[in-house]
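Engineer: Once you have looked at the hints, place chain B on chain A.
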Amino acid sequence: MAKRLDDPSDPLAGDWLWQAAEIKEQPFVSQVPVFGRLVAGCRTAWCWIADRAYLQPLRHGQSELNRALLGQMAELDQWLLVHDRETVQQSKDIALLSWRLRHLEGRLLRIGKATDEAGKNQGSN
Amino acid sequence: MANVTPNLVVWPPVTIIVLNWNAARFLPGCLPALLALDYPDYRVLVVDNASTDNSVALVREQFPQVELIRNRHNHGFAAGNNSGLRQVQTEFAVLVNPDVIVPADWLKQLLRPLLVDETIGVAGCKLTYPDGTLQHAGGSIEGAQAFPSHAGYQEQDTGQHDQMQDVIYVVGAAMALRMTMLERIGALDEGYFLYYEDVDLCVRARRSGYRVVYVPEATAIHVESSATDRRSDFYWEQMFTSRWRYLSKHMESATLFNETIAAEEQWLQLLAPQQRAAAAHAYHETLRQLPEITEARARDGMLPFSTSEVEQLRSALRSLRLAAWQPTESALTQLASKAVIEEVPFRSAVPLAGRLVAWLRERWLNVATRWYVRPLLAQQNRFNQEFAGRLLEQAARLHVQHKAQADQLVELAEVAARLAEMERSLRRLEARQAKAASSPRESDSR
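Just so you know, the sequences run in chain order A and B. So for the first sequence, this note's numbering puts the first residue at 1; every next one is plus one. So for the second sequence, this note's numbering puts the first residue at 1; every next one is plus one.
FYI, nobody ran anything at the bench for these hints, they're computed from the structure.
From the derived model, a few chain B residues whose C-beta atoms are all more than 10 Å from chain A:
hint, residue
1, V116
2, G186
3, M251
4, A316
Covered by chain A, per the in silico footprint, the following chain B stretches (three or more residues, Cβ under 8 Å):
hint, region
5, 357–371
6, 410–421
Don't be surprised by glycine CBs; every beta carbon is placed ideally from N, CA and C.
Here chain A stands alone, though its shape is the one from the complex (with noise of 0.2 Å):
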């Protein structure tokens, strides 16, 4: 039943961000006319050499920290929006408490009258 916290298919978080955790790697584009295919492919074959080993686990990382935190923050958007209309709710029934509680003190009062009265007469008698 349960499901990764970093889901991309959490509707709280939008596709976009979910893409954007994603760090990825752009091939290198060269604007060198006429050898600017060969200087790309000679950079990128530099790069697979000298720096990828040591770059892809930290993009790694990176990207799976940032899925996490996303997915951490759709939790926390979930339960404000729990939060909200709870508090909507319990404020409706604090008005409805307060409607109720003036309506018993009217039918006190009514009570208390009437006592009143029912002690004059009962006196006059």
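Structural biologist: Same frame as chain A, but now just chain B:
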């Protein structure tokens, strides 16, 4: 069951109630099938629960032979169907959801057992999905948490559920009801907005000595979930809130306090965040409605809760509500402690020279890349930690509010209960006063 030759049966008039809420897309499948039933005397009543789609216009224009009741508000499945049931003057009523499609012989098949045996109060159908897979062949309620279960669910129908039998409940999507039973036990409990109202009715029927039967000869297609998206917050909130109303109304207090609450606590830890939030909402709603639910429990034939049991239930619901929050806080605390990205040392898979390759790479990284990346990584890590920390702070603040709200709710429920008690006392006082006021006049007139 006694045998009845179909030709000798006198089919009584029947009222079919179709409760509709924004189901215009299903009505053109449901209503023509109902209007084409092979049955001598029946009326079809569509109760519209304040739809905002074109259901009402569609019924008026395309199905003028159908009677229409329009409710001004949507007060849920039970209240909607009850407004239809109040119009019934026939011996039997049949509830049908708008996403149900029935064959021509369905009504006769469904009613036959009710005509033969007067102790049968409720009869339900064999429901299938549109692809023929079984959906419901009688239902039961399982365990201390009262989870619903359907016989045959998602099975291929090979006749394995073709015996009529007594069941714990049948679903309200298509059920026949004996009206004299409803007069005795009351109609659907309007305290349920959606789900479990059918279970509640069947439980009350059985408690009053009526049989609840599954009738496999009466088959129907149920598209299901026309009213709710099963992934939505609304679905889970309704499901859990209704389950807790049912538990509080019908569970023996020993089971409720000794088994249900402990099982619920464990179960909460397995749920996805969306479901945990929905469960917290359900505990909140149960807590709010507890005075009314405890009255309904006594009214519907269960041993009423004692004052201390009500107190215990209040406290348990409050604890469960906080327990539903717990995994969120734990996950955040864990995340905040791990919000650092670390370098991974290079390892070479090259045989023999692997260590040398790794050493050379490391040296190369020190010279060429690391001096550049490390400050960037340190900055990113500071940001990560700060961000996770802030999120944790927000969660802690929300938790404080969540707890305070639970406390307020308990207090509010206590005030409501005391107010209700005062109202009852006042009513008694008013009655006594009215009696006292009339008795001197009576003696005067003598």
